[in-house]
Amino acid sequence: AQTVTQSQPEMSVQEAETVTLSCTYDTSESDYYLFWYKQPPSRQMILVIRQEAYKQQNATENRFSVNFQKAAKSFSLKISDSQLGDAAMYFCAYRRAQGGSEKLVFGKGTKLTVNP
Amino acid sequence: DTGVSQDPRHKITKRGQNVTFRCDPISEHNRLYWYRQTLGQGPEFLTYFQNEAQLEKSRLLSDRFSAERPKGSFSTLEIQRTEQGDSAMYLCASRTGQALNSPLHFGNGTRLTVT
Numbered sequence: 311a312q313t314v315t316q317s318q319p320e321m322s323v324q325e326a327e328t329v330t331l332s333c334t335y336d337t338s339e340s341d342y343y344l345f346w347y348k349q350p351p352s353r354q355m356i357l358v359i360r361q362e363a364y365k366q367q368n369a370t371e372n373r374f375s376v377n378f379q380k381a382a383k384s385f386s387l388k389i390s391d392s393q394l395g396d397a398a399m400y401f402c403a404y405r406r407a408q409g410g411s412e413k414l415v416f417g418k419g420t421k422l423t424v425n426p
Numbered sequence: 256d257t258g259v260s261q262d263p264r265h266k267i268t269k270r271g272q273n274v275t276f277r278c279d280p281i282s283e284h285n286r287l288y289w290y291r292q293t294l295g296q297g298p299e300f301l302t303y304f305q306n307e308a309q310l311e312k313s314r315l316l317s318d319r320f321s322a323e324r325p326k327g328s329f330s331t332l333e334i335q336r337t338e339q340g341d342s343a344m345y346l347c348a349s350r351t352g353q354a355l356n357s358p359l360h361f362g363n364g365t366r367l368t369v370t
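These protein sequence lines map, in sequence, to chains A and B. Numbered according to the working numbering, the first sequence terminates at residue 426, and the numbering increases by one at each position without gaps. Numbered according to the working numbering, the second sequence terminates at residue 370, and the numbering increases by one at each position without gaps.
There is no bait here: all hints are sound.
Taking CB as the label site, the calculated pair distances span: (1) A:R373 with B:G271: 44 to 54 Å; (2) A:G395 with B:E283: 21 to 31 Å; (3) B:G271 with A:Q367: 46 to 56 Å; (4) B:T268 with A:A311: 29 to 39 Å; (5) A:G409 with B:G258: 27 to 37 Å; (6) A:L394 with B:G258: 16 to 26 Å; (7) A:A311 with B:E338: 23 to 33 Å; (8) B:L310 with A:T337: 14 to 24 Å; (9) B:R336 with A:L394: 42 to 52 Å.
Calculated directly from the structure, the hints in this document are not laboratory data. Cβ atoms here follow ideal geometry from the backbone N, Cα and C, with glycine treated the same way.
Make a model of the complete structure from these sequences and hints.
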């Protein structure tokens, strides 16, 4: 079974600084998708960034980028120029690409605090 | 795009009672998912619909849980004979099937408290 591990329960960063959130996963599949979701307090979960496993190029979305290391099964999220609105729970998630289960497997999350 | 809508936002019930939650997905999304999230944890998959067909159920979904999506639009999740361990946030999500990598769009969730 696929598993997703986020080893940092909490992280903090100073406003305008850069922070990296870690995620590792375990799978025997070669084709899959990886996602980072953000869940602000009492608000709905929203997609931050996604990566297709067949793509070697790391995904970027404005201030958010990933470091995808397929061999190491690592998928870290880098947030540059951190803003107060980035404070939230961040979840790493995995989904296989073809056939079988449609489920998205989530890690336990990392709580990010942004200090002014 | 009005987003995924869930009702009610909060539900308090006594142990042993039945509860039903509703989810209205984004209108053009044919895939609908239910997840459960407890405090300090990531969401756990419960079940998945493609149109009106329930194609996947987690082993977490005991026989007290049932979900339907009768016309391939809104969905309901019913919990019978609730237990305190059922207290959690129940999240609904939907996505389009047009792209393999399309992301899930989540609703605000229904928070269930069983007393």
